[in-house]
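Positions in the sequence shown are counted from 1; adding 1 to them yields the working numbering.
Treat the hints with care, as some may be off.
As the list claims (entries may be wrong) - Simulated crosslink set (BS3-like; lysine-lysine; CA at most 30 angstroms straight-line):
| id | residue 1 | residue 2 |
| --- | --- | --- |
| 1 | LYS268 | LYS141 |
| 2 | LYS167 | LYS139 |
| 3 | LYS125 | LYS10 |
| 4 | LYS144 | LYS325 |
| 5 | LYS295 | LYS54 |
| 6 | LYS325 | LYS311 |
| 7 | LYS139 | LYS165 |
| 8 | LYS31 | LYS295 |
| 9 | LYS103 | LYS325 |
| 10 | LYS325 | LYS54 |
| 11 | LYS167 | LYS144 |
If you're looking for bench data, these hints aren't it; they were derived computationally from the structure.
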Amino acid sequence: MARKKIPIKKIDNINARQVTFSKRRKGLFKKAQELSTLCDAEIALIVISATSKLFEYATSSMQQIFERRNRHSGVQASDISSTGQQLGSDSFDMLRKEIVDKTHELSRLNGEELQGLTIQELQKLEELLLRRWITISKIKDEKITQEINSLITKEAELTEENQKLKQKLVPEQRQCYESITSSSSDFPPDNGSSDTSLKLGKNCTKKAAPKLGYCYASVQMSPSASCFRLQNKITERHILRSEFNQDKLDQLYPTEQIRNNHAYLKKELEDRSREMRQLNGEELQGLSLKELQKLEGRLDLSLNCVYKAKVQNITREITILTQKRINSRNEICSVERHEHEQDQSFDTSLTLGLPLPSGSN
């Protein structure tokens, strides 16, 4: 039986989409490697995931392949700088747009910029933040439990080691006490004829020797400290000169400046994406307990802000609906009053035999 062909369309399930992306990306890179090996071709691949992760593959060097591509397409050397600047400008615009979008999403996740959201959107955002808060809280509780178990195990090991040391120390103390007792009985009586000054001089000499050594060490360290300060001054001058030269290089080589700015924007985008993934409950394995608590606190604060905004919107909607109800009731009362007045005038006209008011049947 023939295998059913899978339709090529966007996968709605996020987990299935990530699994499919990982498998297909590995297959694509494997096919590229096989093509390069079989046909001796130079290949460069760039893949950017939906979460802004960059994956790339090159047989030799990505930069060398790009240079060969530029030469092959007939780009003149004089036009490379302007073309690079144009490409850099387009790339900057894309990066800036992605950074603005990520910043806007982070602001929503942080409980900011909620003025234009409806009650339904605030409800969905609140449910999303609550699920992520529960996920991070579970991971934090697991980490706390692991640290508590580790401390309990360490305490038991230290207690056992302490007991062993006490058991070893008791016989040594008894032996030391016996040796002191036996040696004190062998001392001759002191009749005051010994030269205490000489004894004190020997003891003082023994105690003063380490201090002299300390002084000698401090004197020997002072030249190295002055050298260290001199090295700092030279390093500072080198940094200043390097920055000055870098300004000149930026003026002479604008493409290098574009590359540096591009790297800075790319790093900022990666930081925003990593922060969003952590707020989504991903990539939390390497975080410490303090970082997890901080992340949990951020989500808790965001939940409170979203809840307050939702309550304010609901209160505003209730006020508007109440006012509409009052207005409609007033209109109904006004119409009923007008009809009642017309009925009364009609009855009075019939009773008195007067002509009917205009507008009445």
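**Message:** Hinted pair, alpha-carbon criterion (30 angstroms max): LYS139, LYS165. Please report holds or violated.
**Reply:** violated (39 angstroms)
**Asked** Is the hinted pair LYS268 and LYS141 satisfied, with a Cα-Cα distance of at most 30 angstroms?
**Response** Given pair LYS268, LYS141 holds - Cα atoms ~28 angstroms apart, limit 30 angstroms.
**Asked** CA of LYS144 to CA of LYS325, is that 30 angstroms or under?
**Response** violated (54 angstroms)
**Request:** Please work out if LYS31 and LYS295 have their alpha carbons no farther apart than 30 angstroms.
**Result:** violated (41 angstroms)
**Prompt:** CA of LYS325 to CA of LYS54, is that 30 angstroms or under?
**Reply:** Violated, at about 51 angstroms.
**Message:** For a C-alpha distance cap of 30 angstroms, please report whether LYS325 and LYS311 respect it.
**Reply:** Holds, because 21 angstroms separates the two Cα atoms, which is no more than 30 angstroms.
**30 angstroms limit on alpha-carbon distance, applied to hinted pair LYS167 and LYS139** = violated (42 angstroms)
**Asked** Does the alpha-carbon distance linking LYS103 and LYS325 stay inside the 30 angstroms limit?
**Response** Measuring from Cα to Cα gives roughly 40 angstroms; hence the hint is violated.
**Asked** Has the given pair, LYS167 with LYS144, been kept, meaning a C-alpha gap of at most 30 angstroms?
**Response** Given that 30 angstroms is the threshold and the Cα spacing comes to 34 angstroms, the pair is violated.
**Asked** Does the structure keep LYS125 and LYS10 at a Cα separation of 30 angstroms or less?
**Response** holds (26 angstroms)
**Prompt:** Given the hinted pair LYS295 and LYS54, is their alpha-carbon gap at most 30 angstroms?
**Reply:** holds (25 angstroms)
Of the hints listed earlier, those the structure fails to meet are numbers 2, 4, 7, 8, 9, 10, 11, in rising order.
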